[in-house]
Amino acid sequence: MARGRGDAVALDALDRVYLRRCYELAERGRGGTSPNPCVGAVLVRDARTLGEGFHRRKGAPHAEVEALHAAAVADLDARGATAYVSLEPCNHHGATPPCSEALIAAGVSRVVAGCLDPNPRTAGGGVERLRGAGIVVDVVGAPEAEALVEEFAVAVTTGRPYLRLKMATSLDGFVSPERGRRHQLTGPAAGAFVRDLRGAYDAVLVGAETVRVDDPRLTVRPARSRHLPYRRIVLCGAEPVDPASNVFVPVDGYAPTIVLAAESRSAAFGSLERVAEVVSVPGDSPGGKLDLGFALAALRARGIASILCEGGPTLAGGLLEAGLVDRLDWLTAPLFLGGPEAVPVLNRANPRTRFRFDRVERLGEDLLQSGRPERK
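The sequence shown lines up with residues 1 to 376 when you count with our numbering.
One or more hints might be untrue.
For each label pair, taking beta carbons as the anchor points, the in silico distance ranges come out as [claimed, not checked]:
1) Phe357 to Gln184: 49 to 57 angstroms
2) Gly124 to Arg181: 50 to 58 angstroms
3) Pro229 to Asp46: 43 to 51 angstroms
4) Leu11 to Glu374: 22 to 30 angstroms
5) Ala13 to Ala297: 42 to 50 angstroms
Straight-line Cα separation of at most 25 angstroms, SDA-like style, residue types lysine to any residue; simulated pairs [as the list claims (entries may be wrong)]:
6) Lys58 to Arg300
7) Lys289 to Val275
8) Lys58 to Pro97
9) Lys58 to Arg224
10) Lys289 to Ala322
11) Lys289 to Glu239
12) Lys289 to Ser266
13) Lys289 to Glu277
14) Lys58 to Thr158
15) Lys289 to Gly159
16) Lys58 to Val73
17) Lys58 to Ser266
18) Lys58 to Val251
19) Lys58 to Asp46
20) Lys58 to Ala95
21) Lys58 to Arg221
22) Lys58 to Ala301
23) Lys58 to Val9
24) Lys289 to Pro373
25) Lys289 to Arg182
26) Lys58 to His92
27) Lys289 to Pro216
28) Lys58 to Arg21
29) Lys58 to Ala322
30) Lys58 to Glu24
31) Lys58 to Glu101
32) Lys58 to Thr169
33) Lys289 to Gly173
34) Lys58 to Gly173
Simulated from the structure, these hints should not be mistaken for laboratory data. Even for Gly, the Cβ is constructed at its ideal location relative to N, Cα and C.
Sequences and hints are given; from them, build the entire structure.
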């Protein structure tokens with residue numbers, strides 16, 4: 001087993017500096033590497049950076065190979081160097097050759113990895129291959145490194161996409177003063193935060209009521225180029241939405257919108273089949289309450305590895321109840337909305353889940369609390 005999972009790894013100040021640089025580089029690939037994780041690498045000898053790299057997209061060179069190439073272009077020999085990498089180097093043939101083999105061939109003497117590969121089929125393989133070649137390997141198990149592959153870890157271990165839920169609420173726990181009325185709760189800074197989040201995920205998910213009331217486009221703004229097309233998803237349940245809704249308008253860089261429809265009501269969704277990909281999902285009631293676990297598995301089968309949910313109270317409540325939320329972004333606006341017609345932020349939710357917040361900050365006048373559930 002790779003050292004670093006449970007064992008303390010002694011790092012000096014320079015080790016920590018170069019690992020932080022790896023994390024910064026890895027973030028440059030955010031939103032473009034799916035279904036692969038974000039990874040950054042730095043090649044160093046005698047406190048001199050020989051080359052840097054990050055993974056840009058599936059099929060493109062991995063971070064370690066980018067760093068080795070940068071050193072070669074600069075006519076710098078990597079023999080005897082230390083390779084810092086945010087994630088354990090891979091040891092399997094996929095769209096590209098194994099990074100472990102590239103590092104061995106380059107003659108590096110030490111590898112420092114931020115964390116192990118979370119994929120149970122490949123975890124530790126790169127470390128063992130490198131050590132077998134006589135290379136010193138330290139695996140740190142750093143929270144910053146694990147956060148970089150948070151989405152990837154869920155997608156490769158659960159059979160469903162990673163799901164991040166964003167909700168905005170008033171101080172007293174409401175989203176609107178009355179049902180069926182569009183109400184902007186949060187300010188520009190919170191809006192910019194959410195738009196940035198969209199660019200980092202494969203798809204955006206909303207419920208039918210959000211489409212009927214807000215008629216959103218659900219696009220990344222400003223537009224960004226991406227190797228894999230973005231997806232927009234509408235969970236409709238038993239009743240379709242208007243096929244003329246903005247969410248179905250074709251957009252460059254986007255695949256057709258996906259509609260999740262109750263299997264028992266598939267005939268009612270014929271009007272949407274010309275503007276969307278309709279996916280039938282089993283339900284347990286005439287009202288169209290869908291099997292959300294089945295829906296997410298169906299989305300994963302379509303190549304979607306990560307989802308940002310911007311749904312309303314019913315969809316959010318269902319996802320929380322089912323234990324399908326991997327990260328919660330809870331935005332609180334500094335106002336009260338309570339009244340006889342006010343709409344609560346969650347509908348029918350009894351999640352009994354404790355979240356551990358790792359990010360709490362002001363976004364303009366609003367408060368963001370972001371965290372992951374404490375899994376048993």
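Each hint tested on the structure:
1. Phe357 to Gln184: 49 to 57 angstroms: violated (25 angstroms)
2. Gly124 to Arg181: 50 to 58 angstroms: Holds, since Gly124 and Arg181 (Cβ atoms, about 54 angstroms apart) stay within the stated range.
3. Pro229 to Asp46: 43 to 51 angstroms: holds (45 angstroms)
4. Leu11 to Glu374: 22 to 30 angstroms: About 28 angstroms separates the Cβ atoms of Leu11 and Glu374, which means 22 to 30 angstroms holds.
5. Ala13 to Ala297: 42 to 50 angstroms: holds (46 angstroms)
6. Lys58 to Arg300: Judged against 25 angstroms, a Cα distance of about 17 angstroms means the pair holds.
7. Lys289 to Val275: This hinted pair holds, its Cα atoms lying about 23 angstroms apart.
8. Lys58 to Pro97: Within the cut-off at roughly 12 angstroms; holds.
9. Lys58 to Arg224: With Cα atoms ~17 angstroms apart, Lys58 and Arg224 stay inside 25 angstroms; holds.
10. Lys289 to Ala322: holds (12 angstroms)
11. Lys289 to Glu239: With Cα atoms ~11 angstroms apart, Lys289 and Glu239 stay inside 25 angstroms; holds.
12. Lys289 to Ser266: Between Lys289 and Ser266 the Cα gap is close to 14 angstroms, so the pair holds against 25 angstroms.
13. Lys289 to Glu277: holds (19 angstroms)
14. Lys58 to Thr158: holds (21 angstroms)
15. Lys289 to Gly159: Distance of about 21 angstroms is within 25 angstroms: holds.
16. Lys58 to Val73: holds (23 angstroms)
17. Lys58 to Ser266: violated (35 angstroms)
18. Lys58 to Val251: This hinted pair holds, its Cα atoms lying about 22 angstroms apart.
19. Lys58 to Asp46: Violated, at roughly 32 angstroms.
20. Lys58 to Ala95: Holds - the C-alpha atoms of Ala95 and Lys58 are around 7 angstroms apart, at most 25 angstroms.
21. Lys58 to Arg221: holds (23 angstroms)
22. Lys58 to Ala301: holds (17 angstroms)
23. Lys58 to Val9: Violated - the C-alpha atoms of Val9 and Lys58 are around 31 angstroms apart, more than 25 angstroms.
24. Lys289 to Pro373: holds (24 angstroms)
25. Lys289 to Arg182: holds (24 angstroms)
26. Lys58 to His92: Distance of about 14 angstroms is within 25 angstroms: holds.
27. Lys289 to Pro216: holds (23 angstroms)
28. Lys58 to Arg21: holds (22 angstroms)
29. Lys58 to Ala322: Violated - the C-alpha atoms of Ala322 and Lys58 are around 31 angstroms apart, more than 25 angstroms.
30. Lys58 to Glu24: holds (19 angstroms)
31. Lys58 to Glu101: holds (19 angstroms)
32. Lys58 to Thr169: Since the Cα atoms of Lys58 and Thr169 sit roughly 37 angstroms apart, the hinted pair is violated (cutoff 25 angstroms).
33. Lys289 to Gly173: Roughly 24 angstroms between the alpha carbons, so the hint for Lys289 and Gly173 holds.
34. Lys58 to Gly173: violated (41 angstroms)
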